[in-house]
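Here the structure of chain P is known, so what remains is to put chain E in place on it, guided by the hints.
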Amino acid sequence: MKNIKILLCDDMVMIRSLVKKSLVDLGYNNVFEAADGKEALDLIRQEQSKSDPFDIVFMDWNMPNMSGIEVIQICKKDPVLSGIPFIMISAERDHKNIVQALNSGVVDYIMKPFSPAVLSNKISKIAHFKQKSA
Amino acid sequence: MKTSVMNVDDKTLLKILNDAVRETFQNFLGCNPEIIQTVRDRNDHVKENNRSISGTVAFLQQDFEGTLTIGFSRESAIKLFKSFYQAELNSVEDARITEGIAELANVIHGLVKERLNIQGYNFQMCLPVVVIGKNHAVFAHRDCPGVSLIFQTEFGNFSVEVISSRKAVLQAA
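Protein sequences, first through last, are from chains P and E. Residue numbers for the first sequence, in our numbering: 1135 to 1268. Residue numbers for the second sequence, in our numbering: 13 to 185.
Honestly, the hints are just simulated from the structure, not real lab data. Backbone N, C-alpha and C fix where the C-beta goes; we use that ideal spot for every residue, glycine too. Just to be clear, a hint being listed does not mean it is correct.
[To be verified] Negatives, chain E to chain P, calculated, CB over 12 Å:
hint, residue
1, Leu26
2, Asp106
3, Arg154
[Stated by the list, open to error] According to the in silico footprint, chain E covers these stretches of chain P (three or more CB under 8 Å from chain E):
hint, region
4, 1149-1161
5, 1226-1238
6, 1244-1255
This is chain P alone, in the form it adopts within the complex:
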């Protein structure tokens, strides 16, 4: 299941580098990047239209143009995109915000700063779930 298709969306190049390196170290090489919510939404729609949707989307919360939560809400309302699993990655640690993200439909929430081990654990769970449901 290492060939799963991943979208990584964060406006900070540092976080994209960090997560991408962790994913590649774990054997996940099919990683796309987006620098803001709008770019991510365009990519999600583009890949879906090619019938080759993302298996997992890692999404930051606060970003220019369109926030991560907005992207998730738009996708969850769209019957074609609603099945894509989102993992929120954010420095926001308040309980009410985490609940808001979970209520928006994210399957998991990673708080910054995270260790590669945490990332590995989260992605393994999703990959296992995708494998079982395939």
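Here is chain E on its own, set in the frame of chain P:
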């Protein structure tokens, strides 16, 4: 220092800051910063400062304002991010450094905010800003207490500074 920087005692605040900085650097950068100095008089900090880039995030709630600033010399910032990106970097104006400093400030602020909110604050989410300039310093009203921690790493030193100001102080200024 005549006044506590925040309503928590300074020992607790310093521990919260130190833990947040260490947690962030260990997870993101794989290094272990150690405190080598605590500066309680901001005039001293200004005299010794050789900051070329810093990231600042506000602490905001109804009756309270404050800032958290992480500051690096040019050399420290370049060494740190060269190691992180495994790439040649020559200027602190490189987006990989400015965004990196912003993200470090943002993540440290998130951890500190969470722990201060447990102590009774109600700080909201705020976005970081980055300032670039040789030997720049952070100034605030003289009645606003602050504290700086100087950390040492294999990439050089950096500082983390918290300045607070209750709204009453600002209004009287």
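Original post:
Which hint numbers does the structure go against, in order from smallest to largest?
Top reply: 2
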